[in-house]
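Novice: Read off the chains here:
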Amino acid sequence: MNWILVAIALLAQEAPVPVAVKARVEGVVINSLNGETLRKATVILRAHDQNHALSYADETDASGHFSIDDVEPGEYAVLAERAGFSSQSSGATGAPPPDIKVEAGQQIKDLKIRLIPLGVIAGRVLDADGEPVPGARVSAERYVYTAGKKELRTVSQVQTGDKGEFRLFGLGAGTFFLMATHGRFSPIGLPQSVSTFFPSAADQAHAAPVELRTGAQLQGFDIRLQSTGLYSVRFEFPEGHALEGSLAPRLVGEQGTRYFGPMSVSNDLVFLGVSPGSYDAIMQFNMSR
Amino acid sequence: MRIAAIFSALAMFGITLRAQPSAPKPGSVQGLVTSSVTGEPVKKAIVALEGAQSQNNKTATSDAMGRFQFDSVAPGLYYLSAARDGFQASNEKRTRVAVAEEQNVKDVVVKVVPLASVIGHVLGEDGDPIVRAQVRVLQYYYGSVRKWTNTVGASQANDLGEFDVVDLPPGRYYFQVMAPSPRTVPPHTRWTHPEEAYAVTYYPNVRELSQATATDVAAGAHLSNIDFHLGKMPAFHIRGTISGVVSGAGAEGRVQVAPLSGSRENIAGTALQADGTFDLRGLVSGAYSLSYLRFGVRGQSGIGQTISVSDSDVNGVNLIDKPTIAISGTVTVEGTQPNELNIQISIAAEREMAAMGAPSADGRFEIKDIPPQVYQVEVSNFRPGTYVKSIRFGDHEIPSGELDLTESTSAPLNIVLAEDGGEVDGNVQTATSQPAVETQVTLAPAEEYDGRSDLFKRVITDASGNFQIKDVAPGEYKVFAWESDLEGSTRSAEFRKPFESKSAGVTVGPKDKASVQLTVITADDMARERSKLP
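Sequences listed follow chains A and B, in order. Each residue of the first sequence is one higher than the one before, counting from 7 in our numbering. Each residue of the second sequence is one higher than the one before, counting from 6 in our numbering.
Watch out, some of these pointers could steer you wrong.
[Said to hold, decoys possible] Now the stretches of chain A that chain B is said to cover, found in silico as 3 or more residues with beta-carbon under 8 Å:
hint : segment
1    : 38-44
2    : 50-64
3    : 161-168
These aren't lab readings, by the way, just hints derived from the structure by calculation. Predicted, not measured: the structure shown is a model, and the values here were computed from it. Heads up, the beta-carbon is just placed ideally off N, CA and C, and yes, glycines get one too.
Required output: the full structure, derived from the provided sequences and hints.
Specialist: So this is what it looks like as structure tokens:
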């Protein structure tokens, strides 16, 4: 009899805190466009109080399935991520991830997480003669509004390969401008670069926009670089106006392109390998001399 | 001229543009740009003609047949170089051209070295592409004290797992791939399955650079099928706290982790959590170096600590964040008053310059806000006629220039320059007893001075194969003549060793002059010995 009494006393002490029955969350990650299941996607149940409470994660199996056992009751944000898909699970860009409320003992079995496939724009960069340009930088630019002002922002950037080809990937649906920047080496002075917008425009105003639908893979977007010769620029100075002591003579272009002249200047000054454009010629003098 | 030139000079003295007066009795230069590998003409190359006087410099572009022409060339000595995309932009081997009055120099051949490319795939265990995997092309670089790896090219795998590294100069390379850093998860995350990650991998699918296969990439080669097949491995965490300057919840910064071998690039990083702890994840078994970057401090601290991960999480790591320190001292020139020493004192750690200082008019300098670690002192820009005679740290001479600042110190760094340097001159011949023109001659100090870049000197021979090296600090040296630079290998004692029999040993005293006769070490011999090194 004494033994039973002891057992009842213990139960009475434990009883005020109800034992939470843990829950189970299962589901599948699918491609929002074609409904196919996605393997190797990371699924995270993020606790609202993430700095203290436990969060959970799993990776989907070959059939796109994930399962998380022993989930503490509470509210969680559902996040999923996979290469080639937008990390937003549904809704408009920038929308917060959907929440789920997990009750004690609940078995959530059919959570469906839809990931939006990202698109690709592929093509080549060609020079003025139609020959491929390896090693050019190509970027996808799109308009964003910051503080009410519309501006172009780079959303993806790649380099052209051996045959001048590029593949801009991970792009959401929208309107893009393609820009190729060709860093070309001048034998003298610093490397300089020339930018061209698709299809062959020196500035964005003359560029053709590219419409990309959700998950589309567009090909054949060839950007033809503008033909630019290189020129020498010579300044001469009249007799009697010695320019000794001039520091770092340079040409500064509107895009920030710089050409540096020789450090010591006699009665003339030459810049070599200059691309066409508008420049400020800047010289500084040590006035104390 | 299609250029609108606008003057916005800070000071203008009636500068005007006017027509160029024609130079008296000019000559011309015409020639051909060719590929050093195929000998085929190279079109659209920018050719530069550079002489002693910059106003005579010109550029031209090679035509469809690779031809270029410079008219109205003032008589004189010129150097020709050419540059084009896809070819090495190197002026190291320039072509010399002498133009006499009214002379038409013809058929000058300017060779350019074509660059190589490497393409391949980065795929996971089931053939899926590893999107945004970072592929690096590494090369061992032999420096004065030790060898290290340099990244000479890089590419990111696209959505198909393809990568394409372009513009590689010819060389002996290793290929490395790093999967993208694992995504950030909430601080307390429980995974249904044990965590896995991809290890940093070297071609062909090995974990360590020491096991990797070296690939010799020839000029203009196009390598394909450099494919990586990565398999996921069990991944672990390193967790810990920061103590030192600011401990616990007040600490704000970032902890980064890099493998101890290979290119030693950071592979993961995390900001400190609100309670001052950190949790790095996605690390496979191996040795790592952890560093801490404290936010909001100039000259951020970055104290490395080595941690070994072996089949389990590593918890309770305590990273000690030491306060930054300062070092000060003087620069004097023996026997003279300090007078506008236009000199630079810099200190470098892991061969990257960490900080520098220039002495004020009284010769004092101070370098502040540097993390406590071992540095290499470098003295540069000292004026001709002087050499670095002594580097003293506190009471000790530090001949190698290695400066141990791991503990806080008030000891001064005193540098003495002197003007009684010696001279080494000589002549270099080829194997066929011809003068070796425009050949690199290096003067290397004895081994204990290996780290001292100021004592290692490099000159180029003139048209008769003669050279002259001035301001040599008294001491023992070996002099070498090299046909090529081989990516700076000649700076390495390890590389030079097998060539010591072809060098000339000299002992230079104060105001002394030593003469040597050298035979050039051929580029072939250099490449052969270089290939014996990793």
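Novice: Mind listing which of the numbered hints don't hold for this structure, in increasing order?
Specialist: 1
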